[in-house]
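Position chain A relative to chain U; hints supplied.
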Amino acid sequence: MMRIWIYIFLAILFFLFIGFWASQAEQFLGKPSQITGWALFASVSFLALFSVRKRLPFLSLAPASRWFLLHTIGGFLALSLFWLHMGSLWPVGLGDEVMAGLFYAVTLSGIIGLFLEKLYPHYLTRSGVECIYERIPNEIFEIRSNAEEVLLKCAEETGSDTLGQHYLETLHWFFQRPRFFLNHAFMGQSAQHWVRHQCQILERYLDEKEREYLKQIFALADYKRKIDFHYTAQRILKGWLLIHLPISVGVMALTLWHLIVVHVYFL
Amino acid sequence: MATLSRPKRWDTPFSPDMTDEEVQRLCEIKEIAAIDKDKFPASTPLEGILKNDCRTVRYEVGDIVIREGDYGNSAFLILSGDLRVVLSPGLPDEMLGRTKIRKKSFLEALSQLWKKSIIPEVRDTERYRDRSLRKGSDSGTAQVFLQDVPAVLDSNKTAVLGAGALFGELAALGRLPRTSSVFAETQATVLEIRWQGLRELRKFDEGWRDAIDKRYRENALNAYLSATQLFSHLDDDNLQAVADSALFETHGKFDWHVTYNKMKDMDNASIIEEEPVIAREGDYPDGLLMIRAGFARVSVKKGNGRQTLTYLKAGDYYGDDELYRAWKGEENVALKVTITALGYVDVLRVPSNSIEEYLFSHWATRKKEDIAPMKMELFDQTLADGALREWTVQERFINGTQTMMINLDRCVRCDDCVRACSDTHQGNPRFIRHGKTFDHWMVANACMHCADPVCMIGCPTGAIHRDLSGGMVIINDDTCIGCETCANSCPYSNIRMAEIRDTTGRLVVDPENQKPILKATKCDLCAGQRTGPACVFACPHDAVKRVDFREAFSGAFEEN
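As they're listed, the protein sequences go chains U and A.
Mind the numbering: the first sequence is residues 317 to 583 in the numbering used here, read in order.
Mind the numbering: the second sequence is residues 10 to 569 in the numbering used here, read in order.
Excised from the complex, chain U in its bound form (with noise of 0.2 Å):
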């Protein structure tokens, strides 16, 4: 916990530096927005090393975890860093707009990134199932495998096709795929109430002995419900680093060529 509010500091002091030394080279008629600039391309080049350390599992490059405290200080710096940059929230001209807007929206896809996996990892684990995400498919099969199981003993034993009429009218589709995705997202409650209503509006029509098989598929579908739950938050925790990186390259394909721009036309 200490180790955060040292970063913090430091990050802190960096910013009040560079602030300094570019209110000073303004004084005296320097360049400060080259040394903001400069500033600003060392704090993303930075943040980029994130993701070579992560190919690099077998260095001592310090633990991930420390990095991934460092990006993320590193990332707020980086947005302190642009808007002293420009001077304003908002630059003129299109290529530099293109730029901010990358910018801002890499530093967003890691905000919200931040944020799912502090949020989405407490609400996993207390759906009380685990899964891999690579087995949810397989795992979904085996559900559906056993309710349909569950069907032909139902009608083998009690002769009566209802659980199995319904099932092929309604639930078939809940056990086809995982479903709920927006839902589940949100934490919602969709998926449970959709369940259990489809298993109250066919209990009056059943008798003791195929309610009995009714509790099964319930349980079955209660079941799938959670494991669709991990297969969207799964996929969030896994999908939003398919925005955040091509926009961080982008944006890093963009200062180089501001750099070059910069460094040509203008000094």
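I should point out that these hints are in silico values taken from the structure, not numbers from a laboratory.
All of these numbers come straight from a predicted model, not from anything done at the bench.
Don't take each hint at face value.
List time: in silico DSS-like cross-link candidates among lysine-lysine, alpha-carbon distance up to 25 Å [claimed, not checked]:
| # | chain 1 | residue 1 | chain 2 | residue 2 |
| --- | --- | --- | --- | --- |
| 1 | A | Lys-554 | U | Lys-434 |
| 2 | A | Lys-212 | A | Lys-262 |
| 3 | A | Lys-445 | U | Lys-434 |
| 4 | U | Lys-370 | A | Lys-125 |
| 5 | U | Lys-370 | A | Lys-39 |
| 6 | A | Lys-554 | A | Lys-445 |
| 7 | A | Lys-554 | U | Lys-370 |
| 8 | U | Lys-554 | A | Lys-554 |
| 9 | U | Lys-370 | A | Lys-112 |
If you want the footprint, here are the derived chain A segments under chain U, 3+ residues with CB under 8 Å [what the hints assert, rightly or not]:
| # | segment |
| --- | --- |
| 10 | 117-127 |
| 11 | 427-436 |
Among the chain A residues that face chain U by a calculated CB cut under 10 Å, a handful are [stated by the list, open to error]:
| # | residue |
| --- | --- |
| 12 | Asn-416 |
| 13 | Asp-418 |
| 14 | Arg-419 |
| 15 | Arg-442 |
| 16 | His-443 |
| 17 | Met-451 |
| 18 | Cys-535 |
| 19 | Arg-539 |
| 20 | Thr-540 |
| 21 | Ala-547 |
| 22 | Ala-552 |
| 23 | Val-556 |
| 24 | Glu-560 |
Using N, Cα and C, we set each Cβ at its ideal position, and we do this for glycine too.
Only chain A this time, still in chain U's reference frame:
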């Protein structure tokens, strides 16, 4: 209704090659002939032990019989020929068929970036060709052998073990690592006695019992007692008196992983009922119980089940509090707990009169709060307080010294840990990010580097071994013959067999039967890597921990 003959102890003999003639021949050997057959019960006759719990093994010159540091479940009686025991400092690891762990330099570590193959489990098969392995008729009898015995004799201090010598019995009974290596100097025939048979011989034959106990008292007991805090105040004579009075007991089964796997689906209460009792709730405490090896459960009756209050591991003891109160004059002092064996446990029972004379008389001179800790706080814990401990004991995770624990509240399921493991291990991760969960903790399917490594028992070449410097259990890929003994023994299913490929990516097969060559793979704690365990190093959220369960309940589960 399906029927099945009730399984009997000797349904699976140690060796199918032991014949009645061989048993008769053994009975004529001096050390066996001296045993009084009549002392053995009808259900466990001496001939039965010889036929089912023993096997004769023939060693060629240079064959290694036992290796220093290995765990084994057999003792050996030399029938003919000479063996040599290597005295301190022992043979180098390479000679024993082990890997020498050397930390990679920065450049070596970096070179993994371009050297790693996109095809998993690629091996340079050329390096297997100069291995010091002598293949037996089946994979289970392959031997590691010393290639230059005269050179070994010249460069090491050794002692001769001739016909009639018994060795390896203390490590076998005490479930301790072998203290030295033994190899064949000449062609030799040795009677290998598995621990079950050895235990019966010790139990029913006074001569064997005296010999084994005498050797244990001479070699290990005094050192063990003086190392415990309880007796650190005693001088050599008094320590000897305590040692002389101590009784040795073994409880449970050496191959506990077999029964553990069978009991996995049973409920907690039934599992505890199955555990061998060392001391029972309500009994009069007749001595101090000291755990020498293995684990024991301390439980009390709670509702319709049993609540695990704590567990005892090597070096722990129980009964001091009750004995002390009885010594102080309290009446009707009885044990408040039941102590049962968790798997296999080796216990020393120091009788109450010794404890009173050598321990309590010392305590009487000191302030009450300075003496051994009272165990009253054990009984104050709620079910919620002890739930995590209960779970770890039930799942036997207490065995782990480097258990991979994942804090699920922090884990974002990004698999960076899996990728890091794969990148550092031939493109194939050595663990699965999946396992049993309790609250927000998951014990992942990764080798726990157990305190009691049952996986090491039975490895015919000693390929799986404990690194004596770091304590981790590692596999030497060069001497692993893919027999799957370790993978089948691991109670936690944390060892996996991998089909290997050559440098061109082709599957390596045995030319005799075209079956793929297998190698045992498991977490090696990234031995040799500069980072330590790559999984822990690669986790951006500090969700992965390596936990020593022997210390786990003193802060390892606290958030950092």
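How the hints compare with the structure:
no.	hint	verdict
1	A:Lys-554 x U:Lys-434	holds (19 Å)
2	A:Lys-212 x A:Lys-262	holds (15 Å)
3	A:Lys-445 x U:Lys-434	holds (23 Å)
4	U:Lys-370 x A:Lys-125	holds (16 Å)
5	U:Lys-370 x A:Lys-39	violated (67 Å)
6	A:Lys-554 x A:Lys-445	holds (15 Å)
7	A:Lys-554 x U:Lys-370	holds (18 Å)
8	U:Lys-554 x A:Lys-554	holds (22 Å)
9	U:Lys-370 x A:Lys-112	holds (21 Å)
10	117-127	holds (count 4)
11	427-436	holds (count 4)
12	Asn-416	holds (9 Å)
13	Asp-418	holds (5 Å)
14	Arg-419	holds (6 Å)
15	Arg-442	holds (7 Å)
16	His-443	holds (6 Å)
17	Met-451	holds (7 Å)
18	Cys-535	holds (8 Å)
19	Arg-539	holds (4 Å)
20	Thr-540	holds (5 Å)
21	Ala-547	holds (5 Å)
22	Ala-552	holds (8 Å)
23	Val-556	violated (17 Å)
24	Glu-560	violated (21 Å)
Violated hints, listed in ascending order, are 5, 23, 24; each of the other numbered hints is respected by the structure.
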